[in-house]
Structures are given as structure tokens and as C-alpha cells.
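Asks: Here are the chains, one letter per residue:
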Amino acid sequence: MNLAHWFSLWRLSPQSLKIGSVILLFWLLVAVVGAVWTPYGYSQLGAGLPLSGVSWDHPFGIDQLGRDVLSRVLYGAHIVILLALAGTSLGVVVGALIGLVTAYIGGWLDEVVQRFAEAFISIPFLVLALLVIALAGPDLSGDPILIVIVVAFVYTPRIARMARAAALDIITRDFVTIAKLRGESAWSVVWRELLPNTTGTLLVEFSLRAGYAPALVGSLGFLGFGIKPPIPEWGLMISENRALILAQPITVIGPGMALASLIVGLNMFTEGLARILGRTVRLGEQ
Amino acid sequence: MTVWRLVIGRVFTALLTLWLVSIIVFAAVEVLPGDVAGRILGRNATPESLAALRLKLNLDAPAIERYWDWFRGVLQGDFGSALTSKRPVSQILADRVVNTLILSGAAFLLYIPLALIPALIQAVRRDRPVDHGLSIVTLLLLSTPDFLLATFLLITFVIFIPVFPAVSVVTAASTLFQWMSALALPAVTLAVVMAVYAVRMLRDNLIEVLDSDYIRMAELKGMSARRVLLRHALPNSLIPTLNITALNLGYLIGGVVIIERVFAFPGFGGLLVDSVQVLDIPMIEATVLLSAVVYIIANLFADVGAILLNPRLRKG
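Residue numbers (this note's numbering), protein chains in the order written: chain D, 82 to 367; chain H, 18 to 333.
Worth flagging that the hints you see were computed from the coordinates, not collected in a lab. You may find that some hints are simply not true.
Now the in silico label distances, taken between C-beta atoms and shown as ranges [unchecked claim]:
#: 1; chain 1: H; residue 1: Arg71; chain 2: D; residue 2: Arg360; range: 44 to 54 Å
#: 2; chain 1: D; residue 1: Val174; chain 2: H; residue 2: Arg244; range: 44 to 54 Å
#: 3; chain 1: D; residue 1: Gly147; chain 2: H; residue 2: Pro130; range: 41 to 51 Å
#: 4; chain 1: D; residue 1: Gly281; chain 2: H; residue 2: Asn327; range: 22 to 32 Å
#: 5; chain 1: H; residue 1: Ile256; chain 2: D; residue 2: Pro310; range: 44 to 54 Å
#: 6; chain 1: H; residue 1: Val147; chain 2: D; residue 2: Leu110; range: 48 to 58 Å
#: 7; chain 1: D; residue 1: Pro310; chain 2: H; residue 2: Arg71; range: 28 to 38 Å
#: 8; chain 1: H; residue 1: Thr173; chain 2: D; residue 2: Gly187; range: 46 to 56 Å
#: 9; chain 1: D; residue 1: Trp118; chain 2: H; residue 2: Val28; range: 40 to 50 Å
#: 10; chain 1: D; residue 1: Arg263; chain 2: H; residue 2: Leu237; range: 53 to 63 Å
#: 11; chain 1: D; residue 1: Leu221; chain 2: H; residue 2: Val28; range: 36 to 46 Å
#: 12; chain 1: H; residue 1: Val154; chain 2: D; residue 2: Pro277; range: 36 to 46 Å
#: 13; chain 1: H; residue 1: Leu325; chain 2: D; residue 2: Ile259; range: 40 to 50 Å
#: 14; chain 1: H; residue 1: Val28; chain 2: D; residue 2: Lys99; range: 44 to 54 Å
Stretch by stretch, here's where chain D covers chain H in the computed footprint (C-beta under 8 Å, at least three residues) [unchecked claim]:
#: 15; region: 279-293
#: 16; region: 303-314
Keep in mind the model is a prediction, meaning the values are calculated, not measured. Note that the Cβ used here is the ideal one computed from N, Cα and C, for glycine as well.
Using the sequences and the hints, build the whole thing.
Replies: Given below as C-alpha cells:
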């Protein structure tokens, strides 16, 4: 595709997709730059006078320990985005695999897996996440890998249910029957027939789930079960600076706006994507 | 009667799911590698403390036997005794659950008008500035995580417009006014989070219904716009919203976990967070199971409600 083609594609895409993409590109850029360069070090003490408020040098103020809040927000971007994307990707891959395979195989295995998925879904999001964290024990607490696994674990049954429903719709079609008659293996049918035909659903689902993942990661950080200090994960920063909201509300509003705007971008992108692919999506679904 | 067969089938599925949740909650503790006692004590473990804890949790008995003992207790409302305070779990839970029920009730009462009014305005003023404005507002609120919304509300109302207390301290001796002001911010936060999710759905449903032939018919009959909207369009858009409301109730149970922490409200959610912090396994098992029970019952009511309200399903 050449440049003109991309340009016309952009012009024809829904407004929400355009705005969402711009916000997401902004945050991706911030994540890349913030990972290697920030005005002050993210854990640099004495970047300014503690609690000295908003100034040109420190637009988001200075926290209790004298760290520059803007630098911490910028450095935290890649952490929040990486955790959210890694967790969502793992959840979508595992969930899609379970959903597609059980839908194709059917029978008692499908029934059992579906019942268990239902049971996992009936444990509220955050409660399930906390259960996994509790069971991992204190030694793993704060490990980024654990956070990724928690996000993936919470999403897997929901994705599996979605993928199964989408696959069931495809399985009855003639081309799947023909593939079976050709003697293709179960794996080959799932990989070559079911997966390509459920890609749209899975993409929208990925985008939707990725939109909630930063909130989940932030919630865990806020409760003290996420990434450990001094790493500036946004939820953790909001929780740390909450003690200062009377004196320095900006130290909470700064990371708060960062988190909210990232999720706004993801949600608008999801809405636009769903519209292009002709699917309905319920934003905010947990 | 086909409809009752549907309802009974749905109740049976709910019970099955509930039983599976109890297995998941119990098995989760078992399947992870390593010894439960060792995991609870972590690096502070000594051979003596490990042995004492193993005895306390009866870890030397086979897992199936322990599950059966636990499950039989749960059916009778006995969740064992907490590891930390040594009081019965059900006793500790009782007070907290009542507080959370009051909070959830308040949130739910606020939720209904907060969901209905903006959706009605948007549907009637479709594609006008009001509709677009409200769409942007709901998108922004939808994208603000609950703990952040709570914190923003806290900043606004406690610092800039100081009317509510930052921390909800309520005891049995608190007056009604103290209860009301302690409940206000957490209940508003929960209600807003639930409402924005429902508003978008309800708006789209209303618009779809308002475009239908029987609404056109009612309008042509000369019925007042208000009566068309409230008597004909609204009831028909509510059935899909029932499902959303059940999902919202499920959210509510998870939402209180974090909202109670933000406002230091002494409820069930705070208890779960504390139990996770100290790895109080009987408490964790009880709280997780209880939150799943609420979700399952809410969904059961929504599904049965949808079956009973839908004349097409009723005829079967």
C-alpha cells in the first residue's frame, strides 16, 4: 500500500478511530521516550523542594520525597502500557485457543470447560485478581510477571466464552464441513478455518480488554498489590500521593489524567474499530 | 408450562455454577506448587510455626475430606474461624456485610435516575448538541477507573467544596445524618460508574424503539410525546437493560473492594483486601464465595425477569 492509499483509508475511518489513534500514538511516543529520557530521574530524590507545587520546572509538582511527578508519569507510561498489553495479549491468546478448540471438539469437554468458564466469570474481576495474588503468596508479590499473569487469568474465561460463541457460528458453515471431509486435522481446521474467520471478533475483544487493563493494573497498584515502589506505576503513584491531596492535589491529578486519557484513547479506538468491522461493542464491559 | 421449565433450568444452572465456584475457591489453595502453610508464612516461616499452622488448617487430612468438611460448614453458614483474629468468619463478616449492603442499596437508588434521565434526554434530543455532549461525558466517565473517579470526587468535594467528610467513619452509634454524609461520596462514585455503562446501552435501545412502527402509530394517534416515551418506548427498552443492571450488580461487588478502601468505609470489600494482605485463607475463601453468590443471584434474577417479561418466550 502506498501513502495515498493510507491517506484515503484514514479519511474514511470513523471520527472515534481517528481521535483514539492520535491519543494512542501520543502515549506510545511518550512511553518510548519516557523509558530512556525524562527531565529528572524517576526515583531522583531532591529534584525540587518537596511539595513546592506547580512551576515551569515541575508542571505536575513535587511529591513528598522530592521527586518530580511529571518525570515519574513519563517514565511510568511504558510500564503501564507494557503490563496492560502483555496481560491482555496472553489472555486473548490462551482464551481464544480454549474457546476455538472446545467449540470445535464439542461434547462433554466443551460442556465442562464452558461451565468452569462461567464459574470463573461469576467471581467479580477485582476479587478474582486478588484471589490469584493471595494464592501466589508474599514472595511473588509485586513481580511484573505476576501482574501480567493476573490480568491474563482474569480475561481468559471471558475471551474463551466470546471466542467459543463466534466459532460456533462458523462451524456450521459449509466450508468447515468441506475441510472436515477433506480429512483436515482438528488443529488444522481451528487454525486455518476458524481462526481467520473469528479474527474480527477477537480484534475488537482484544481492543476492548486492553482498554480496561490499565485500570485493572492501576487498581492493583492502588491497593498495594501491584508493582512495588519506587517504580512509578500510575495507580501506585495515585495511592502514594493521596496523602498529599489536601496540600498538592496536582500530584494526584497529574497521574490520574494520564491514566484516564490513555483509557479514553483505547476506548475510542475500540469503538471506531468495532464500527469498521461491523460489530457491536459494549464499552466499559468488565 | 415451557416458561417454568426455562426458569427451573436457569435456577439449576445457577446452583451448578455456585458449586463449581466453591470447588475453584477451595482447589485454588491446593493446586499451586508448594505447601499452603509455607506460602502463608513466606520468609518468616520456622519449623514450629509451620507445624502449628498445618495443624490449624488440618493440612494432614486428604484434600477431598477437607473440602467436604468446609463445604458442609458453608452450607450451614459456618466458614470456619479466621486465622488472624481467631473469631468465627461468619461473625466478622456479618457487620461488614450489613454496612456494604447499606452502601450498595444507596448506590443502587442513585443509579436508577442517573441512568434513566441522561438516556431519555439523549434519545429525545438525538444528534443535537445535548446528545453529543452527554455522549462525550459518558465516554470520559467510562474511561476513568473507579478508584480514580473516587479520588477526583474526593478532591472536588472535600477540598474545593467542603461538605462531605473525606473518611467515612460510621459506627452503630452514628446518627442518620452521619450515615448519610459518610455514604454520600462512595455511593455516588459507585452509582456513576454503574450508570455510565447503562446510559449508553439504554440510549441506543430507546432510539431503536422510537424508530419502530408502533411508536409512529402511537404518535399518529395523537398521543402526547411524553406518554409515547414513558408508556410505550421506555418499558420496551428496559428488558435489555435488565441484563446490564445484573452485570452492574456484579461490578458493584467488585467495586466496593476498591471504593471502600478509598473512603475507608468499614465494609465487606475492605475486609477482602485486609484478608489478602495477611493471607487469611478462611476469610478469603468466604469473601470470594460470597461475592460470587451475589453475582450469580443477580444474573439469575435478570434472566428470569427477562423470561417473564418477554411475551415471545412466555408462549415458548
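Asks: Now, for every hint given, state plainly whether the structure supports it.
Replies: Evaluated hints:
About 52 Å separates the C-beta atoms of Arg71 (chain H) and Arg360 (chain D), a value consistent with the hinted range of 44 to 54 Å. In this structure the hint that Val174 (chain D) and Arg244 (chain H) lie 44 to 54 Å apart at CB holds, the actual value being about 52 Å. At roughly 46 Å, the beta-carbon separation of Gly147 (chain D) and Pro130 (chain H) lies within the given 41 to 51 Å, and the hint holds. For Gly281 (chain D) and Asn327 (chain H), the hinted distance range of 22 to 32 Å is satisfied, since their beta carbons lie about 29 Å from each other.
A beta carbon spacing of about 48 Å between Ile256 (chain H) and Pro310 (chain D) agrees with the range 44 to 54 Å that was offered as a hint. Take Val147 (chain H) and Leu110 (chain D): their Cβ atoms lie about 35 Å apart, and the range 48 to 58 Å is violated. Checked against the given bound of 28 to 38 Å, the beta carbons of Pro310 (chain D) and Arg71 (chain H), roughly 34 Å apart, stay inside it. Between Thr173 (chain H) and Gly187 (chain D) the beta carbon distance is about 54 Å. The supplied range of 46 to 56 Å therefore holds.
The beta-carbon spacing between Trp118 (chain D) and Val28 (chain H), approximately 60 Å, falls outside the hinted interval of 40 to 50 Å. The beta-carbon spacing between Arg263 (chain D) and Leu237 (chain H), approximately 58 Å, falls within the hinted interval of 53 to 63 Å. Under the hint 36 to 46 Å, the C-beta atoms of Leu221 (chain D) and Val28 (chain H), about 39 Å apart, fit the expected range. Between Val154 (chain H) and Pro277 (chain D) the beta carbon distance is about 39 Å. The supplied range of 36 to 46 Å therefore holds.
The hinted window of 40 to 50 Å between Leu325 (chain H) and Ile259 (chain D) holds, with their beta carbons roughly 43 Å apart. About 48 Å separates the C-beta atoms of Val28 (chain H) and Lys99 (chain D), a value consistent with the hinted range of 44 to 54 Å. Only when three residues or more bring their CB closer than 8 Å to a CB of chain D does the claim for the region 279-293 of chain H stand; here the count is 4, and the claim holds. Here the region 303-314 of chain H counts 6 residues with a CB under 8 Å from a CB of chain D, which clears the bar of 3, and the coverage holds.
Of the hints listed earlier, those the structure fails to meet are numbers 6, 9, in rising order.
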